[in-house]
Every structure is written in structure tokens, then in C-alpha cells.
Amino acid sequence: MKLVRRRTRKIPRRTVGAVPGTLQIDPEAPPTTVRVMAYGPDGLEERDIDDLEDLPGIIGLNPVTWVNVDGLGDRNTLTRMGELFNVHPLALENVVNVPQRSKVEEYGEHLFVVTRMAFLEEHLDTEQVSLFLGKNFVLTFQERAGDCLDPVRDRIRKGMGRIRKAGADYLAYALLDAVIDGYFPVLERYGEHLQELEELVTSTPDSSTVARVNAAKRGLLSLRRAIWPQREVTNALMREDLGLFSDVTRLHLRDCYDHVVQIIDTVETYREIASGLLDIYQTTISNRMNEVMKVLTIIATIFIPLGFLAGVWGMNFNTEASRWNMPELNWTWGYRSALILMATIAVVMLLFFRRKGWLGSSPPAEVSPSEEER
Amino acid sequence: MKLVRRRTRKIPRRTVGAVPGTLQIDPEAPPTTVRVMAYGPDGLEERDIDDLEDLPGIIGLNPVTWVNVDGLGDRNTLTRMGELFNVHPLALENVVNVPQRSKVEEYGEHLFVVTRMAFLEEHLDTEQVSLFLGKNFVLTFQERAGDCLDPVRDRIRKGMGRIRKAGADYLAYALLDAVIDGYFPVLERYGEHLQELEELVTSTPDSSTVARVNAAKRGLLSLRRAIWPQREVTNALMREDLGLFSDVTRLHLRDCYDHVVQIIDTVETYREIASGLLDIYQTTISNRMNEVMKVLTIIATIFIPLGFLAGVWGMNFNTEASRWNMPELNWTWGYRSALILMATIAVVMLLFFRRKGWLGSSPPAEVSPSEEER
Amino acid sequence: MKLVRRRTRKIPRRTVGAVPGTLQIDPEAPPTTVRVMAYGPDGLEERDIDDLEDLPGIIGLNPVTWVNVDGLGDRNTLTRMGELFNVHPLALENVVNVPQRSKVEEYGEHLFVVTRMAFLEEHLDTEQVSLFLGKNFVLTFQERAGDCLDPVRDRIRKGMGRIRKAGADYLAYALLDAVIDGYFPVLERYGEHLQELEELVTSTPDSSTVARVNAAKRGLLSLRRAIWPQREVTNALMREDLGLFSDVTRLHLRDCYDHVVQIIDTVETYREIASGLLDIYQTTISNRMNEVMKVLTIIATIFIPLGFLAGVWGMNFNTEASRWNMPELNWTWGYRSALILMATIAVVMLLFFRRKGWLGSSPPAEVSPSEEER
Amino acid sequence: MKLVRRRTRKIPRRTVGAVPGTLQIDPEAPPTTVRVMAYGPDGLEERDIDDLEDLPGIIGLNPVTWVNVDGLGDRNTLTRMGELFNVHPLALENVVNVPQRSKVEEYGEHLFVVTRMAFLEEHLDTEQVSLFLGKNFVLTFQERAGDCLDPVRDRIRKGMGRIRKAGADYLAYALLDAVIDGYFPVLERYGEHLQELEELVTSTPDSSTVARVNAAKRGLLSLRRAIWPQREVTNALMREDLGLFSDVTRLHLRDCYDHVVQIIDTVETYREIASGLLDIYQTTISNRMNEVMKVLTIIATIFIPLGFLAGVWGMNFNTEASRWNMPELNWTWGYRSALILMATIAVVMLLFFRRKGWLGSSPPAEVSPSEEER
Amino acid sequence: MKLVRRRTRKIPRRTVGAVPGTLQIDPEAPPTTVRVMAYGPDGLEERDIDDLEDLPGIIGLNPVTWVNVDGLGDRNTLTRMGELFNVHPLALENVVNVPQRSKVEEYGEHLFVVTRMAFLEEHLDTEQVSLFLGKNFVLTFQERAGDCLDPVRDRIRKGMGRIRKAGADYLAYALLDAVIDGYFPVLERYGEHLQELEELVTSTPDSSTVARVNAAKRGLLSLRRAIWPQREVTNALMREDLGLFSDVTRLHLRDCYDHVVQIIDTVETYREIASGLLDIYQTTISNRMNEVMKVLTIIATIFIPLGFLAGVWGMNFNTEASRWNMPELNWTWGYRSALILMATIAVVMLLFFRRKGWLGSSPPAEVSPSEEER
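Protein chains in written order, with our numbering: chain Y, 8 to 381; chain V, 8 to 381; chain C, 8 to 381; chain G, 8 to 381; chain L, 8 to 381.
Errors might be hidden in some of the hints.
Copies of one chain are not kept apart here, so a pair can be met inside one copy or by any two copies together.
[Claimed, not checked] In silico lysine-lysine, DSBU-like type, Cα no more than 35 Å apart, as pairs:
id : residue 1 : residue 2
1  : Lys-165   : Lys-142
2  : Lys-110   : Lys-172
3  : Lys-110   : Lys-165
Hints are computed from structural coordinates only; laboratory data are not their basis.
Hey, can you work out the whole structure from these sequences and the hints?
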């Protein structure tokens, strides 16, 4: 599993100085499909829309109509959608020129909300969801097909909870709540990943470990950038002035706000933990270097003096030129004395190192992460 | 003692996109038991409730009724409790889907408070306490049996202080105060633990020390996350608008707020101290590496040149081929001169190292933590 | 490409204690040229102005007049411009004594806006644009010829969008928007540059890499200083009190504000990434040092003991003086045994090192930046 | 001098869940003594109070009465004091359960102020001063006898300044001002201490230096925690609503507030300086390690190759078996050539090292702290 | 040039608990001189005042009177000045007990402003300027003779600008502006100094470099402490309530405020740059250590194995005792084979090192600071 964000164009594609309100269609964007769910306490109509001109006939027939648009590749469809729902050109530009920062804006009688889903399939990925909320409709735009909104669709289809009885504002809340809930499994995966990294970093770290910790940090940074503005979004919705949200829905939004704060809390904690991992890594590396140095020092410190002694008795001073010239070479006990002296020196050195505490190699760090909180 | 938080599921268990207000019972949650203390200045009735339908008959008989629910494992009981006390489904969801961030919310006529107890038995652990305050009752939910509220129970039983004469608001305050007070012994343990770690880090640190310091840092991070929102909670209670709190109780809440601020202060100080320990650790390690290097350098620097000299006089140039070929080998004083020269070089080297200050090994850091403030 | 800011005099040239309102012309400033675009829904007049006294005759003939001044080297022209447009001396001083921090100030009936363009040709460079907005004119001053405003000119010339139909306030917005948009390509280049640096830092970093990372950090710091105050500028314009901005233009300013926030977000993220690169660099360097040490230790630890043994058997103890003096020299298997012993020691050492995991050189960090988000 | 805080129980002694308002007397607290100064423009009465029941008779006789209580060890005296002055039980609990955070609270008609004195005798120490201000009295509680309030007593006794003419509010201000002023000599000592540490850290640092810098940092952290809340206290007093403070005294409080801000400024600067010292220490240590490595490298790099050469000519190839076998051993110039070659190699190496700049040992850091600002 | 602050007593000289409003004359303070400039549109009178009693006769004769007092050593003069201008004792104490934090305070009808000049002659130094502004006079106190206000004096003398026509408020502004402008040349010097340090740090850093960078950091810290409160001062003046400042002067104050913000910006940037220099230093040092280690490793790794081989063939095994004992010594090609083997090993090692990239010494960091922005 790679918990890094898939490479996406994080800076919106803008032609410098383009006319404001221009739709800058990404040529790689998938084609646009439109699907409608219109429902009320008594019924549900769900179908794909091939001809946009059918839309006006559908809206208003049911208490709530949810029009979902997947794929931002078809300029004509998008422009026509904008006209049908009376969307301001600047808002439509924000829908298309992804990514935008999450935000809430009022345009006349409807509310424009930009939010962001987080996925973790093979990579971390985020996708912009733009939502227009009117009196009796919700209009959503997504970058690609596939989303985390299926539970909401199920609840509508099966009439679970109060969604079928409530208005468009409750649908908007339910969609936002589903988007926010989608961050929890992502966080859970990051929690597990950090635990793996911690075990790695204290046992067998190599230089790729740092790269992985950094990748995790960067992924968390992405998450942070995605979730922070959503706090403001939820807060703004609770306080909006257009009167679109009922008191009951506001109560639910308060709950949703709590979830966002909880996600932010967790992301910040994970970021601190990831930073701590780098400290542990540095320590592990220092300890290893230390151990390498100790081995070198022990070996060199024992054998260099001994080698010197052997060198002395390997000198060729002429024992016959003087009786003071290396007489030990001719002693009966000479060689044995030399060996015993050398052994004594080695033992003394070893005792010195033991006293220094260098002989016991430092044990691996004993963190039992199973007892750690994530 | 391990001052690390027990591994708990820090992210609430949520089925993505579940219907809001759904109780997601943790299959491992302990079964639910209900206990009532109903009291007034004149009397006290305390008993376990087996049949929830007895409850309505008890409430209102005494000026104050405290219903305590331990264990979140029994969906029926919890749901029925919610109905009996007219608890909003979203609030009940917050009770069950632990952990929630500490907060205060108004629901109609009663106040919903989420707070968090800290324990330190074998591990650091925290547990959510959810509290509903009505006109004449307090309803508390705890994750498990066992809490830090026994002193409050004792005061009710023995009629100590003003608790029996005061209303439900004072009971709510007393419970909150007991929860907050429970952080002080935890902090005291952390203070002692940091002192132990400091002694360790300046005397015989190994790589497990860093892991322990990090564990302490993480535990403090958990405490911080638990206590910070409680500040807001206490503050919000002092300022609540429902008129549930009397002026006297508000005065007590101000005191409680001071305790929270004091705990926050201490946690932040401990976090700074823990970070400082890592600096000291790095320094201790650097000093050790330095000492290792010095020993290597002293030994190598003395004996490598001497070894070279011995090597020179061990060369086999033919002294008979020329009178310039190693004539010293045949000198009467040759060997003795060589040895004296070597000894002289060694002494000069040692003097050089003493002048450099390398011979005195650096003493261990002298912190006398007994004089340090925690 | 060098993503460092060209050396410019960042502190405005001020004669200490000069009379406030004095124009302190930089002797190296390019000469001043004036160009006018006067337009309305029905027409466009565009021409260079050689004689400033023509200006009063032009303004007012068309609904909107844009007077652009390039080059701040000509005191007379600038002073005369100030008189013609009734510019306050302090404002004019701010125009000339570049660089000034971006800001909005009201002077009587017109608005004075200081903003800052960012370029990235060979180096990162920024240039001050000063803008005066009156009822029916916009007056801009630039440090040098050449800017990022050509798209606006094109839109005026070709009548694209609503610019020809809108008033001077919309022109001011359009210019500001073009200035802000000019940061996006700069950011994109920095994104690519950071990616290159990341590849470098994990593969073949040398000391120039740190210098380059630092240069990028400093460039980002410049960008940050340039863009932060623009947030305040955009915000102040949305809230200005003179009534110069229409509601429609304010809506567009809100969009512009979003872009500024997005740029700030990205700059902050890049700064975090750049700081992370220095961590990776440190790690790479540590790993290399470690590897160097390992090679030294392996070689020294194997051959120093072996060299000692060879030295022992190279001693000249007289085998004839005693049968205990180095008898092995005369053994039939002496030499072969010695070689076998040495080989055995070497093999044992190698096994020890393999067990320590020192023999496998640590692989280069495996970041696959193609999967990273920028 | 040890600039570390004496080990005190930093977390107030609390029996978990005790009845709020309970006095938890520290068994080690010194006994309680009470002393009264009652004065007005015309006279002064100063005496120890042995029987608390005398107190009511004294208060009111003079315009201002200052009752000072030293030592918090006597429950009865403290309780009776509380009753006599109508002190709220929660306030009295705050007086006794030290340490409390500095704060201002209104209780009915009088003001309760908690502040904190800083001492530096052998160790840094702080002591809580609790102050009650009524219409015509000031009541102070101190943990121990001995304080920094003698200058105020002198001024009262000698009638210096306006203190005898002013009311109880001015006395309260004067006491607070004396407490604040007591921080300046402490800061001065820290300034000198940091200067000593800086000299140490750049000249002969050892591992105890880091411990001392850390102790200083921790002491400054204590000071910071003690002084920060006092800013709020002074501010709150300037803005209090009970009308206890006259305009003149408020002017003096403004002055007092300035002193607090100045102390905070200095503490923050000292903290930055102390952090900088750790950087310098790290650098000094790195430089030393570098120097050690250089000596090792120079010696080893010169003598290991020379030793190798000596070893070559010490080989025992039989010169008689072939004329190609070590013929140089028999050359007339053999030995001399060998020595000359070795000397040449050594000189070349030395030149190489000089070119690398390794021979000049790096000079000690030249900070002339006498020119530094503290 | 030393860009460190001259050692000054940064904590004001206070006798603990002194009577508030006491002038604590520094015995080393220079004697006090008084000089008056009284002027209006029509005339200027400028002279030294020897007898303070002349002052009342001068004030009021001209529209504006500026009384400047240099030197704070003469208690009588200062006290008398205070009486003449009706200065509050607390304000006068702030004038004398330098240094005070910059601030604005209202005392009855006049405004008391404390500000701070920055000088950079041999050292960085700051000096307090205290300014009283009344209806028709400005009274300034400086610690020493010599200031940066001469340009203002010149403008008054020569009647440049509007100063002679404007009131005392404009004079106060002009003085403040001159004080603020005095920071720009100081900053410019710091900019150059940082550039020098950057060149040093990437080319030939030694341990004194860190000390110099730290000195620069500390100097910038001093500047920061001096300039930050001036922002508040300028802001407070723009908003003061006494009506002393005319609208025109407020416009000029807005300009002055911009300069302060610009200085703050630059100081913060310089502080970041200085911190970055320490990173570069650490890197340079690490690289050097790395290079030292590489040289040691290359030499040792090549020659230790060769030395071992030489040692083997220097062993004295008796070739005559067995034909297996060192037969190579008697081979015709023995010596030549040995030398060739050794050379081969050396070459193989060198190839190994080249492949590792250790042979090319890392080039010095290539920052071309001439292209950097300051």
C-alpha cells in the first residue's frame, strides 16, 4: 500500500489572464454523465439523463431532486447545466477548474458549496465535489465517476431514516456528511501505516524508511489541506442566512462539524507522530554508527599495540654486535614471555573496554507499539 | 510502569454513510447496568435498576436523581433510556460511538456534556463520560464500570458539604470536578516518570531510552488532546443560557476552570521537558562517540608511528653490501637508542594529547534532578 | 533555471529624514513612457502619450480610461502625472520609492492600490504595480516595461467578456486578477524544481544541493512575502467604502481572493516540502558517512589482527637458543597452518559482519516522486 | 549559584474528589502568624496579632488596614480569618492549596488576587501571595515568612511617597508592584549566568555544560509560567468593575503593566539565547570531533603507507634465488634511498594536508561576550 | 564591523520597591543640556537654555516650540523640566529609568511617547527617545547627545517642506519618522553582513563563523525587540483620542506605519536567513568530516591489506624445514609476483572507490549570492 497522494495537478489549470468565468476544460477529463434522483415521502424516480432538455420537466415534480454530474470533460453539457440551473459563471468556473479550496458561497437564492472527498485505493487521492443547493433541488458535480455517496443513494432508495421525508437541505447535509465520513477509513489506514513504520524505524531502518516516513508526512499534509477548509464550510453552513437549512438539519450539521474537528485532531496527532519517527530514525542511525565505531576502536586498540611489539622483536639489530642488542631474542623464555606479555595487554584492554561498557552492544529499542495509542 | 496509553480505537467506529442517529454498538462493549441515586436534603434512595420501566416512577420523587449507566453494549437498554429521558438521537449516537471530543451542546431543555476521564493503572487510559443535565436529574453514561466518581457518591451518602442541599446543577458540577481532579494523580506520575527518564538519559542511556521518552511524549500528547477541549467545556458551562446553573454553582465552575488551565499548563511544561530530554540524549550520545574516537585516535596515533619505526629496523637491507646500509643495526647502543627514541615519541604524543585536553575523559553530566523542578 | 530571486534592492532607497512626499528617483530606473487605452462598449482609443498635457483632453471622452506608466526614471513626468490626476504626494512617493508592501489606501475620492507581480524568466523577480482607481479612470505605474497584463489588453481590444461594457472598477479588478494569475506559472515551475531537487537529494547529493534547496527556500520566502499582503489587499477591496466597486465586481473580487488563498496554501506547502528535503539530505549524508565507516571498519578489523599474526611470526627470536623459541617456524606444516589460521579468522570476521548486516550496502532511498503529489 | 528552581510540589495537593472549599493543609507548612499595619495620613499602628478576635476591633479605626498572614499551616487560624473577612470558601481553598495560577476574581464586594513572588537565594524559588482587597483593608497570605514587601512597609512607616495618604487600593497596587519588581534582580542574575555559560560553551564545554544550559532553560520556563498570568492580572485590575481602584491608582497599574511586559520580553529573549547556546555547543562539539578525526587521519595517512614500505623491505625473499629478488637490499644506496623515499612521501602528504587546510587547527570561537547584549 | 549590540544594561535600573515616580539617576549618565527651537511660518528662534526659568517665557511666543533635552544625568534639571511642563511623575520616571518599551500614553492633555533609535557605528546600539506632545510644544528627552534628528532640524532651519507651516503634531510625526527611517541604513548593513557571512559559511567556515552568525542573530533579535512595539506606537498615534493630530498628519502617520511594517518584514526575513546560514554551516562541516573520513578510509583500506601481505612474506618460517614452508621466497619470480599482486590489489581498491564516487572530492557549495535576494 502506498499512502502517498497520486500525482495530480494541484494547481488549477489556468490560462493566465483568461476572461473570468471561462470554462477551461481539461482535455483529459472524462466525459460528462448526468443522473437524476427525484423523490419524496411517497415515491422515487431515478434515471440517467441523456437529453438535458428533459431536466426542467423533472424538477419540481417531486419534493426533492438530486442531479448528479460525473466527469468534467464536456463543455456543452456543463454550460447547458449552468444555464438550466441559473448557475453564476464564476461558480461554474470553480466547478470545472479543479482543484478549488473548499468553501461556501451564496449566489442569489442558492448556495454553492465546494468540498473534497478523500480516497485511498492504491494511492491517496482527493476529488472535488461541487454542490448547489436550491429550494427543492441539489446539484452535484464530481470530477470522475465513482464516489463515497452510495450509502446516501441506498438510504433514498430504501427510504431508510428520515431522508425521504426531509427536504433538499437534508440531502445536502447527508451528502456532506458522507464526504466527511469518507475520511475516517483513510485515517485508519494511515494509523496502521504509521504503526508499521514505527516498527520498521526501530528495527531495521534503511534510507528508504526516511523516504516512506516523508511520504506519509506529505500525505498527511495533503489530508490536512483537504480537511481544514471543510471546518469553515460546515461552520458557514450552520450560520448561513438564506434560510435554506431547517433547524433540524442545522443540528445534524453541528454533528458533522464535530466529525470534522475530530478528523483535524487526528491528522495533527499523526503529523506529530510522523515527525517523532524521524527523530527515532536519527537516533537509530546514530546508535549504529556508534556501534560500528566501537568495533573498529576495540579491534584497532587491541591489535595495533600488539603489532607494534611484534614489530619490535622483528627488528634486525645485530645481537652479536653488542650484548645489549636485543638479548631477549636469545633468552630461553623469550618467545613465551613475549606471547604472555601480548596476551596480558589484550586482556587488560578488554577489561578497560568492559569497564567503559563498550562490549555489550546496545540492544534494539524496545517499543512495544501494540501498547501504543495511534 | 508504562506511561503509554493503552491501545484503543481512537477513531470512532463509523459505518461510512450510516443513517445519522444510528447506534453503532461495539460488539466488545461490556453489558449495560443502570444505577440510581435519588436524594434530597432529607433522604437518599440508592439502587440498581433491572427493569427500566421503574425509572419514570423514581424521577421526581426526590429533588435530585442521578442515573448512572455503565457499559455501552446493550442496544435495547440504551435506546429505551434515550426514549425515557427524551434524548435526541444524535446525542445518543455521540454517547455510544466513542470516542467523541469533549463538548457541550444544548438539546431543548437539557444540556448534553461530553467529557473524558484519565486513568493510569498499568497504562494510561481515557474513558468517555457523557452527561445529560435536566431540571431535576443527571444522567451519565460511561464506557465501562469503574470510575473516579466514588468520592462524589460518598459525599452524597454521608451528606458531606452542600451536595445534598443543592440541585442537579451542583451534582453535574461535582461530577465534572471529580473527572478533572482525576488528572492530577496522572500528572504526578508523569512528573516522576520524567524525572526517572532524566536520570537515565544523563547516566546510562541506550536506544530504548529514546523509545521511552517518545512514549512519554505521546502519552502527554494524548493527555493534551483529552484536556484541551475540557477547557472549552467548562467555559461554555459557565456561560450557558438555559438557566440550569445557579450563581453559586457557576462560582464553583470558575474554580473548576482554573484547575483545567493548571492541568494544561503542566502538560505543556512536561511536553517541553520531554523534548529537552531528547536534546540531552543526543548530547550524551555525541559525547560518547567523541570519547570512543579519542581512545582510538590516542592509541592509533601513538602506536602507528612506533610501529613504522620498528618496521624500518626490521628491513633486510644488507649491511654488508655497503657501510651505509642500516649501520645502526650493528651499533653497540643501537637497540637501546631505538627503544629510547620510541619511548620519547610516545611521551611527546601523550603530552600533546594532554595539552589538547583529550586525556581527561569527559565526566558524566552532573544534573542533580533532585534540585530540579518538575 | 535558477529559481532564486534576482538581487534587487529590497529595502527602499530612502534618504534618512528626507522631507515626506519627496520623490527619490533611482538613477538606474528606466525612462518613463505613458500609454493610454480609452474605451467603452462602442469604441477603443489606444495610443502613446508624448505630451502629458494631452491627457486631460482624453479622460472623460470615453467611459473608462486606462493610463499606464512604465519606468520610474523621469521625475518631471511623474510629478506632472501626480498633478494631473490629483495624486497625494505621499501616494506618489510610494509609487516611486519601490519596493513597498502591497496595500490599499483611500485618498479622498480615489483608491490607491499597491500590488506586486511575480516573474520567472531566468530568475525569480517581482515588480511593483501601483494602481489608482477613480470614477472613470485607472492609472497604473510599473517599474519597467513588460508585464503580465497583455491578456487584459487583448480582452479590451477584442471586446472579449464583459470588460468593454463594465466600468473602471472592473478594469481594476481585471488587472489585479491578471497580476494574481501570474503567480500560478511561477508556482508550477517551483513545483517542478522541488521535484528535481528531491530526485537529486535522494540520489547524488553534494554540498551544492543544500545551497540549491536553500535558494529555493529563499525564493519561496520571497514569494510568500509578496503574496501574503495581497490577501489583505483583495479583502480590503471587497469591503471598501467609497462605493467604487459594483456588486458584480465584488463577486469577481471574491473569486480573486480565493485564488490568493490558494497561492498562499501552495507556497506554504512548498515551504514545508523544501524543509523536508533538508531532512532527507541530512539522512542521505549520514547514511554515506555510515557506509564509509563500515568499509573502513571491515577492512581494518579483518587485516589488523592478521597483520599482527604475521608480525608475530616475523619476530627474530632465536630458535636455536631454546626449543621453546618459535618452534613453529621449523614445523613442516608451520606455514600452511599459519595461512589456514589467517583465512579462518578472516572468514569468521566476515560472518560476524554479515550477521551484523554490515555487508549489504544500504540501497539508495526509493522514492518514486512520480507518485508524489507536488 | 544554581539557577534552577528548588524542587517544589508544582501540582497542588488535592485529594481527588474532595468537597470543594475544603482546606487541605500541607503538614509541612510553617505555622501561621498574623501581623497588622493600620495607618492613615496621621498615624500608624503596627503589631502582631495573637488573638484573632482582636482583629474586628482594629479594622475601621484607621483609613487603611493591612493584615498580613505568613505560613499556611494552621487550619483554625485560616478558617477564622476567612470568617472574619467574609472570605468565600473557594477563595480560601485557593489560598491554601498552593500553587495556584495567578488570577483576579471578584467575590461580592472584594477582589481576590493571586500573584507569585520570585526569589533567587541559593535556588530559584517562587511563592504564592494571595491578596484580598476590600474598601478599607488589604489582606495578604504568604506561604512562608520572608518576602520582598519590606520596601512597602518602610514607605508606610516613614510616610514616604503618597502611600499614607492614599487608600487601600494604592496599598494593593504597591504590594503588587513590589512583587513584580522582585523579578528584575532575578533576571539580572540569569543574564549574568547566561553570559558565563556562553563563555563556557565556546571555550571548554563538557557534558555538564548542556545540563547547566538545560537547567537555565527550565528555570526560565518556570519564570515564564510565573510571570505570564501576571500580565492578565495587571490588565484585569486596570479594568475591574467594582470601583475599588481610583483613577490615580489605575495610572500606576498601567506602569506596573509595562514592567510585566518588559519582564516577559526579557524572559523570552533569554529563552532564545539559551536555545542558541545549545546550537553553539553542538558546533563546538562537532568541531572537536572534526579535529580529533583530522589528527587521526593525518597520522594514519602518513605512517600507514610508510609502514607498508618498511614491511616490503622486511620481506624475506631470497636474494640469492634470483637476481630479481629484492636486489635493492644489496644496493649500496638501498637503505638511504628507502629513507629518502619515505621522507619524500611524508612531505608530500603534509603538503597535501596543508593544501586541504587541515594542519591549522581551527581556533576557538571568538565571541567577545563583553560586547554582547544580554 | 561588528554587528552586535553594544553591551548595555537592558534591564532598567530599579531599586526594588522604590517609591513609584522616583527618578533613579544613573551615575554614569551624561550631564543634561537643553536646547530650544521655536518656530512658525515666519520665524525661527534656536538657542541653548542654561537657566530653565527662561523656558516659560519662550513657549507660546511661537506657534511651535521644540525643547530637546540631551543626557539624563542631572536630577534637578529633569525634575524642574517635569514641573515646568506639568509632566506626570510616572512619565518622568519612564524617561529616566531607561530602557523602557516603546509605548504611547495619554496624560491629561498631552501625549507621552516612548520610542527607540537604532544606531550602527562600531556596534549596534539603541537609544531611548521620550517625547511629550502638547498643544503647541514638543518636548524630547534623549539618553545622550547625538541623534538622527538633524534632518528634521535642517528642514526647520531651511523651511523645507511644510514643517514650518504645520503644528506641533506634525513636528512630533517628523521626529518619529526620522527615528523610524534611521532603521533602514542599519538594516542595509545587516543585509551586507549576512551576505558576507553566507560567502564565508560556504567557503571557509571555522568555529568563529558560528559565533558571528549567532551574534548577527542576536543583533537582529535586539532590532526586533526595538521595532515591534513601534508598530503599536504608530498605530496608537493614528487612533489617539485627544485630537492632537490633524487629518493631514494622520495621513503621514499611516505612511510611517507602512515603514515600520516594512522594517519588521525585513527583520523577520533576515532572521530566517540567519537561521538558514546555521543549517548551511552544519552541512559544510558534515561534508568536511565526510571528506576527512574518506581520505582516511581510502588510505587505510588500500595500505592495511598490502601491509598484511608484506608482513606475511616477512615471516621467518624455515624454508629448509619443509618444502611447504614459504617456498615462494625462493621462487625466481617471487618478489616480482608479490609486487605485482600488491599493485593489482591497490588498483582494484581504487576502482572500487571510484565506483563508490569517493575519489572526486565534493566541490564547495556553489551559491552565487550575487544572484540572491537579501
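A quick look at each hint next to the structure:
Taking identical chains as interchangeable, the C-alpha atoms of Lys-165 and Lys-142 lie at most 35 Å apart only when both belong to the same chain, with a minimum of 23 Å there against 39 Å between chains. Taking the closest pair of Cα atoms, Lys-110 and Lys-172 come within 35 Å of each other both inside a single copy (28 Å) and across two copies (30 Å). In this assembly of identical chains, the alpha carbons of Lys-110 and Lys-165 lie at most 35 Å apart whether taken from the same copy (31 Å) or from different copies (34 Å).
Going through the hint list in order, the structure satisfies each hint without exception.
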